[in-house]
Every structure is written in C-alpha cells, then in structure tokens.
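Chain order of the listed sequences is A, B and C.
Residues in the first sequence are numbered from 1 upward in steps of one, following UniProt numbering.
Residues in the second sequence are numbered from 1 upward in steps of one, following UniProt numbering.
Residues in the third sequence are numbered from 1 upward in steps of one, following UniProt numbering.
If you are wondering where the hints come from, they were derived from the structure by calculation, not from laboratory data.
All figures in this text were calculated on a predicted structure; none of them were measured in a lab.
One thing to keep in mind: the hints can contain errors.
If several chains are the same, the list does not tell them apart, and a pair holds so long as it fits within one copy or across any two.
[As the list claims (entries may be wrong)] Derived lysine-lysine pairs resembling DSS-like cross-links, with alpha carbons at most 27 Å apart:
1. K97 / K146
2. K97 / K77
3. K146 / K12
4. K97 / K12
5. K82 / K2
The chain contents come next:
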Amino acid sequence: MKNPLESIRESKPLVHHITNWVTIYDCANITRAFGALPIMAHAPEECADMTGISTVFVLNIGTLTTELIDAMILSAKAANEKNMPVVLDAVGVGATKFRDEMAAKILDSVRVDIIKGNYSEIAKLAGENAITRGVEATSIEADPRKVAKEFAKARSCVVVMTGAEDIISDGERTFVVKNGHELMGSIVGTGCMAASIIGSFAGVNSDLCEAAKDALCYFGIAGQLAAEKSAGPGTFKMYLYDEVYNLSDERAQSMMNFEEQ
Amino acid sequence: MKNPLESIRESKPLVHHITNWVTIYDCANITRAFGALPIMAHAPEECADMTGISTVFVLNIGTLTTELIDAMILSAKAANEKNMPVVLDAVGVGATKFRDEMAAKILDSVRVDIIKGNYSEIAKLAGENAITRGVEATSIEADPRKVAKEFAKARSCVVVMTGAEDIISDGERTFVVKNGHELMGSIVGTGCMAASIIGSFAGVNSDLCEAAKDALCYFGIAGQLAAEKSAGPGTFKMYLYDEVYNLSDERAQSMMNFEEQ
Amino acid sequence: MKNPLESIRESKPLVHHITNWVTIYDCANITRAFGALPIMAHAPEECADMTGISTVFVLNIGTLTTELIDAMILSAKAANEKNMPVVLDAVGVGATKFRDEMAAKILDSVRVDIIKGNYSEIAKLAGENAITRGVEATSIEADPRKVAKEFAKARSCVVVMTGAEDIISDGERTFVVKNGHELMGSIVGTGCMAASIIGSFAGVNSDLCEAAKDALCYFGIAGQLAAEKSAGPGTFKMYLYDEVYNLSDERAQSMMNFEEQ
Chain A
1 MKNPLESIRE
11 SKPLVHHITN
21 WVTIYDCANI
31 TRAFGALPIM
41 AHAPEECADM
51 TGISTVFVLN
61 IGTLTTELID
71 AMILSAKAAN
81 EKNMPVVLDA
91 VGVGATKFRD
101 EMAAKILDSV
111 RVDIIKGNYS
121 EIAKLAGENA
131 ITRGVEATSI
141 EADPRKVAKE
151 FAKARSCVVV
161 MTGAEDIISD
171 GERTFVVKNG
181 HELMGSIVGT
191 GCMAASIIGS
201 FAGVNSDLCE
211 AAKDALCYFG
221 IAGQLAAEKS
231 AGPGTFKMYL
241 YDEVYNLSDE
251 RAQSMMNFEE
261 Q
Chain B
1 MKNPLESIRE
11 SKPLVHHITN
21 WVTIYDCANI
31 TRAFGALPIM
41 AHAPEECADM
51 TGISTVFVLN
61 IGTLTTELID
71 AMILSAKAAN
81 EKNMPVVLDA
91 VGVGATKFRD
101 EMAAKILDSV
111 RVDIIKGNYS
121 EIAKLAGENA
131 ITRGVEATSI
141 EADPRKVAKE
151 FAKARSCVVV
161 MTGAEDIISD
171 GERTFVVKNG
181 HELMGSIVGT
191 GCMAASIIGS
201 FAGVNSDLCE
211 AAKDALCYFG
221 IAGQLAAEKS
231 AGPGTFKMYL
241 YDEVYNLSDE
251 RAQSMMNFEE
261 Q
Chain C
1 MKNPLESIRE
11 SKPLVHHITN
21 WVTIYDCANI
31 TRAFGALPIM
41 AHAPEECADM
51 TGISTVFVLN
61 IGTLTTELID
71 AMILSAKAAN
81 EKNMPVVLDA
91 VGVGATKFRD
101 EMAAKILDSV
111 RVDIIKGNYS
121 EIAKLAGENA
131 ITRGVEATSI
141 EADPRKVAKE
151 FAKARSCVVV
161 MTGAEDIISD
171 GERTFVVKNG
181 HELMGSIVGT
191 GCMAASIIGS
201 FAGVNSDLCE
211 AAKDALCYFG
221 IAGQLAAEKS
231 AGPGTFKMYL
241 YDEVYNLSDE
251 RAQSMMNFEE
261 Q
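Sequences are here, hints too, so could you generate the full structure?
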C-alpha cells in the first residue's frame with residue numbers, strides 16, 4: 001500500500017480496544033496520533049455492540065482477568081461475524097499458567113487475524129520452550145523467523161514477533177523490520193502501542209501482513225526521529241508523539257528499512 | 001466571579017471522581033495543576049464516604065460497567081444530600097444502547113447539576129436524532145445552541161456541549177466559548193479533563209453556569225498558550241500542564257473569548 | 001550500599017505491583033527508568049504465581065476494592081513464603097473507614113516489610129489521631145519522627161513517612177531525607193512512584209531501611225535536577241524521567257542530603 005498514513009487520516013478507522021490498565025492511555029493516544037479513532041469499552045453489555053460499529057478490534061491481555069477475557073471473546077466473535085480484523089497482543093504469555101491458558105482460550109474460541117508478542121511470548125504460544133519474565137522477553141532457543149513463519153502457517157494468520165528486529169510473517173512472506181531505536185525499550189508501553197498501530201494500519205489495508213510491516217516500520221521511523229532530539233525516556237516519549245503526528249507517507253517511505261525473505 | 005483561579009488555589013476544593021480507566025491520570029493531574037485536589041475512589045464500600053468529605057463530585061462513563069454505575073449513583077446520592085455539585089461527563093452516549101440506558105439511569109436516579117458532552121452525546125441525551133462514533137461526535141441536525149438551552153431548561157441544570165465552539169446554558173443564559181486550539185483535539189483526554197476543570201471551578205462558584213463557562217475559557221486559553229510553543233501533540237500536552245500551572249486570573253481575564261446570548 | 005543504581009541496572013529486579021488505576025503507568029515507567037522491570041498483574045488466578053517469579057512485591061491501595069485487597073493478600077503471602085520484600089503504600093488511610101479497615105486487614109494477614117505513607121496516613125495507621133483529606137496529608141499533632149520510629153519498632157518493619165522531609169525508620173535507625181523539590185508535589189503520582197522506587201532498591205539491598213533511604217534520596221535528586229530545567233509540572237515530569245534515566249551512583253552520592261538520628 002502506497003499511502004497508509006494518508007488513508008488512515010482520511011478514513012479514520014475506529015479501533016476498538018479491550019486492553020490493559022497500564023498502557024490504556026497510550027494505546028488510545030498513539031491511535032489518535034496516527035489519525036485513527038480509538039474507543040475503549042469492556043462492559044459485557046456493550047462490548048460486542050461497540051465492536052460492531054468499529055473497523056478493527058485490538059485485544060491485549062496485559063492485565064487480564066477472567067471477566068476481561070470473556071468480554072474480549074464476545075467482541076472478537078462480533079468482529080469475526082463482520083469479517084473485521086482482530087489483533088491479539090499476547091502480553092506476558094509464558095510468565096504464568098493462567099496467561100497461557102487464557103491466550104489458548106482466546107485462540108480456541110475466535111479467529112485472530114494478527115497475533116503479536118515479543119520473542120518468548122510468541123515462542124510459548126507456538127509450543128516452543130520459552131519463559132517470559134513478567135512481560136519481558138527472554139532468549140529463545142528456536143530461530144525466531146522460523147517460529148513466526150511456521151506458527152503463521154499453522155494458524156493461517158499473521159504473526160508479529162517484536163524485538164531488536166521485528167519479524168512479521170503470514171506463513172508465506174516473512175518481513176524483518178529494522179527500523180526503531182533502543183530508546184523505544186526505555187519506556188513502558190511501546191509494545192502495546194505497536195499493537196494499536198498495527199490495528200490502525202489493518203483498518204485501511206486488507207493485506208494484513210503488509211499492514212503489520214508498514215505499521216512497525218512507520219512507528220520505528222518515528223522512534224528514530226524522536227531519538228535524535230531526546231536526552232532520555234521523558235523527552236523521547238514526548239517527541240515520539242510529535243514525530244508520529246508530523247510524519248508523512250513520503251518521509252516514511254524514504255526511511256523504511258526491512259527485508260523480505 | 002472575578003478570580004476563580006485564586007479561589008481554587010486558596011480553598012483547594014476536593015474533587016471526587018469516579019471516572020474512566022483511559023484518562024483517569026489526566027483527570028487527576030489537571031485537577032491538581034489548576035490547584036484543586038483530586039481524589040479517585042470507586043469501591044461501593046467507601047465511595048459515598050469519600051464524596052461526603054469532598055466539595056464536588058465528577059462522574060464520567062467512558063469505560064462504564066454496571067458496578068461503576070452503581071458506585072456513581074451511590075456517590076451522587078451522597079452529593080445530592082450535601083447539596084454538592086454533581087458533574088456528569090456523558091462519554092460515548094449515542095454509541096451503544098447500554099450507554100444510553102446507563103446515562104438515563106443516572107439522570108433518573110440522582111440530581112445532576114452539570115451535564116457535559118460533545119454535540120452528539122448531548123443531542124442524544126436530549127432526545128434528538130444523534131449517533132456517536134465511539135466517543136467521537138458526529139454532526140447533528142438540530143441547532144446545538146437550541147439543544148443545550150432547551151435541555152438545560154427541561155432538566156433545570158447546566159448543559160455543556162463541547163466542540164469547535166463550546167456551548168454552556170442553564171436554560172436562561174447561553175454562553176458560547178471560543179477559546180481553545182485545534183491541538184486540544186489531537187490528544188486523548190481533553191474532554192475528560194474539561195469535566196474535571198468544570199468540577200474544580202464549580203467547587204468555588206455557586207453560579208454553576210458561570211463556573212462552567214470560566215472553566216472552559218481558562219482551559220482553552222491554556223491550550224492557546226501551549227499551542228504557540230508546540231510542534232505536535234507530545235510537546236503540546238507537556239506545555240498545556242505548564243500553562244495551566246502558570247496561568248493567572250489577570251492573564252486569563254484578558255484573553256477570555258465568549259459571547260452571551 | 002555503594003552502588004544501588006548499578007546493582008539495579010545489572011540484576012534488573014522484577015518488581016510485581018498490584019497498584020491503583022490512576023498512577024499505574026507511572027509506577028511501571030519509573031521502575032523501568034531506574035533500571036528494574038515492572039510487572040502489573042492482579043487476577044486472583046495468577047497474582048501469586050507472578051509474585052513467585054518476582055524479586056519484590058509492591059502494593060498500593062489508592063483505588064482499592066475488596067477484590068484487589070484479596071489479590072494483594074494472596075500475592076503478599078506468596079512473597080512472605082519466599083522471604084521477598086513486601087512494600088505497602090497506604091494511600092488514603094485516614095480518609096474513609098473502609099481504607100482504614102482494609103489496611104488493617106493487610107497488616108493483620110501478612111508480613112509487610114516496608115510501610116509507606118504521607119504523615120497523616122502513617123499516623124492513622126500507627127493509632128494516632130489523624131485525618132487524610134482524600135489522599136492529601138493533613139498536619140498531625142504527634143512528632144512524625146517519633147511516630148515513624150515507634151511504629152517501626154512495634155511492627156518490626158521499616159516505616160517511611162513522605163512529606164517536605166521524608167522520614168525512614170526501622171525502629172533503631174531513623175533517617176531524615178532532605179532531597180527533593182516542591183515541583184514533585186505539583187504532579188499526581190510522585191508518592192506512588194516513590195513506593196515503586198523503594199521496591200526497586202529493596203530488590204538489590206537486604207538492608208531495607210538503607211534501601212528506602214537511598215531510594216528517596218535518589219528520586220529527590222532526580223527531582224532537583226529536573227526542576228532546574230522546568231517551567232511547570234509538564235516539563236518537570238518529562239525531565240524527571242530523563243534525569244532518573246541518566247543518573248549515576250557517583251552523581252547521586254555527591255548530592256545525597258540526609259541525617260541519621
């Protein structure tokens with residue numbers, strides 16, 4: 001897709017989130033900064049209706065409870081019925097048995113179109129040997145590119161593994177995104193924000209593998225531009241929002257740094 | 001009222017909120033920046049007691065659940081008994097049936113002194129034809145000034161409709177506030193913050209229509225001053241807090257831009 | 001301890017929080033800025049497991065519910081079994097009967113190693129005459145240094161009273177920390193952040209009294225450095241994160257300002 005940002009700003013996709021209580025503000029605010037419209041709603045009485053008027057559904061299990069998981073499944077079913085993209089951010093899978101079980105419950109109950117996590121979260125979901133330290137990735141034994149590709153093929157979906165290099169695969173194509181800056185790891189929430197951004201790009205591009213790749217390139221580029229001006233995580237986070245807001249497709253296209261394999 | 005900011009900073013009204021999980025931090029932080037004291041507490045076992053020691057009660061249904069609505073009604077009843085101002089931010093009314101019903105339940109159960117929302121939220125509450133897209137206003141058919149005035153008269157309260165122009169009416173007087181800057185719409189939460197600020201001003205001024213008008217003028221002025229220095233939503237949000245904190249009644253009075261009709 | 005920051009950055013203690021919904025992001029983000037790893041998880045099905053893989057457990061009753069209190073007790077018991085430090089931030093004790101009861105329930109059910117609060121919160125916990133205005137301290141009759149020391153001795157724990165001067169006592173030693181800046185009180189959340197930082201320092205120093213003293217000195221120093229560049233609470237909060245991130249043990253040691261009594 002040539003101009004994803006322009007498309008987002010024009011069509012303003014409504015991105016329904018059921019997410020965690022730590023980064024919920026930044027999930028909403030980065031969605032808005034990219035030009036999409038965030039909506040957060042998790043009451044079981046309305047969540048499926050809210051999904052029904054939305055363009056994309058993003059779910060994030062960072063501070064999951066059984067009630068939230070039930071609401072996520074209600075909303076994801078509504079999204080499935082409308083053939084609307086569903087993005088799962090599998091935060092903390094591999095840290096506790098409960099998270100592993102709840103993530104499995106989601107994947108068994110509904111169709112998820114894009115599964116995102118860090119290296120150990122995705123490896124664990126894919127059945128590899130992996131432990132997540134809280135919400136922090138640990139090193140995994142398997143080759144991450146192979147894990148992403150095979151898991152994507154097995155589930156017929158797009159798999160996104162975030163880390164120093166981001167890996168995106170739909171089982172056929174595999175992209176390795178090299179945009180980004182280490183300061184992105186110095187603040188809490190960039191992973192969650194990435195899922196919201198992937199959702200925003202998926203709201204305007206039916207090629208979900210490309211949408212995820214573009215989203216991570218663009219976000220990484222904004223991070224690179226912000227880092228140039230920043231003296232630490234405080235200034236970095238502020239400039240990150242400015243750079244996202246002021247980014248153009250033209251500038252982003254000239255800075256994209258990824259490989260297709 | 002001549003010096004609302006000075007009054008807030010002197011008497012430090014305690015503004016009890018039961019609000020949403022997206023903007024709860026900014027609701028608290030902007031209340032503090034204006035000089036009032038925020039308190040957030042929603043447990044049914046204590047919420048009415050917390051209202052009982054407060055000056056104003058602000059409720060916001062952004063991420064409502066039935067449990068939160070019950071807590072809001074408990075607290076609003078305690079506020080009603082003390083003749084304390086109650087401010088309702090009707091976030092997302094018009095987006096789902098559940099929101100419409102819960103807002104109606106609040107309005108049927110307790111006295112709300114100031115009802116705030118964007119154009120389509122208030123129009124929907126007032127029985128007009130209106131749909132809210134998530135939490136985003138859509139254009140409404142009716143004349144917003146007329147909607148605000150008639151709804152205020154019908155409910156004997158102050159109605160605040162926020163948008164490019166903010167409309168405040170108590171059924172007799174109608175103010176149109178023109179302060180503000182478009183960057184305020186580039187970040188999530190300025191609407192919720194506005195309700196907290198209206199609550200803070202209502203904590204020192206028994207003329208609630210004037211309090212709401214002053215609150216929106218002052219907030220808009222801080223937004224204008226912040227926008228002058230800002231390169232995007234990141235820098236804007238940071239400077240907004242500085243400008244609120246450093247604002248004086250004298251400076252604000254010289255920049256107020258509103259009409260009375 | 002000579003180099004607490006270096007130790008935190010090297011060993012990256014995992015700091016499990018069950019905290020409030022207002023400042024949860026800043027609790028996580030300041031933990032990360034100091035070099036530790038935050039994890040927030042409160043579901044009863046997993047919270048004890050999450051504590052089990054952590055280094056420290058921090059609990060904060062700012063927006064308590066009975067469900068959250070139950071989860072806190074589950075996690076604190078897991079922490080007690082592992083002899084892991086437990087830090088309690090007694091937010092709002094003295095404001096409502098429910099808070100007083102829930103804080104007492106925690107202290108009766110589990111071992112808390114560090115109890116933190118403002119002057120009136122700790123005075124109330126210690127059985128003194130004290131009222132908290134929402135979450136704001138009010139002046140107390142008793143000598144705060146004496147309250148801290150005697151309460152610490154009675155409970156065989158470390159007591160931290162935050163205010164213009166921070167008082168830390170284990171019943172034998174009493175430290176009075178004079179680092180800090182008044183702008184720290186201009187933003188919401190510095191108290192909650194302080195508990196997270198104390199937790200991070202407690203994750204690398206078994207002398208918990210010293211850990212708490214060092215944590216408050218270092219945080220206060222970052223506040224002083226940030227204040228030099230700041231024009232208000234917006235810029236201050238941003239620079240605070242930068243200063244924490246860029247602080248070195250060497251610089252901090254040269255600026256520490258405390259008395260031992």
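Hints not upheld, ascending by number = 3
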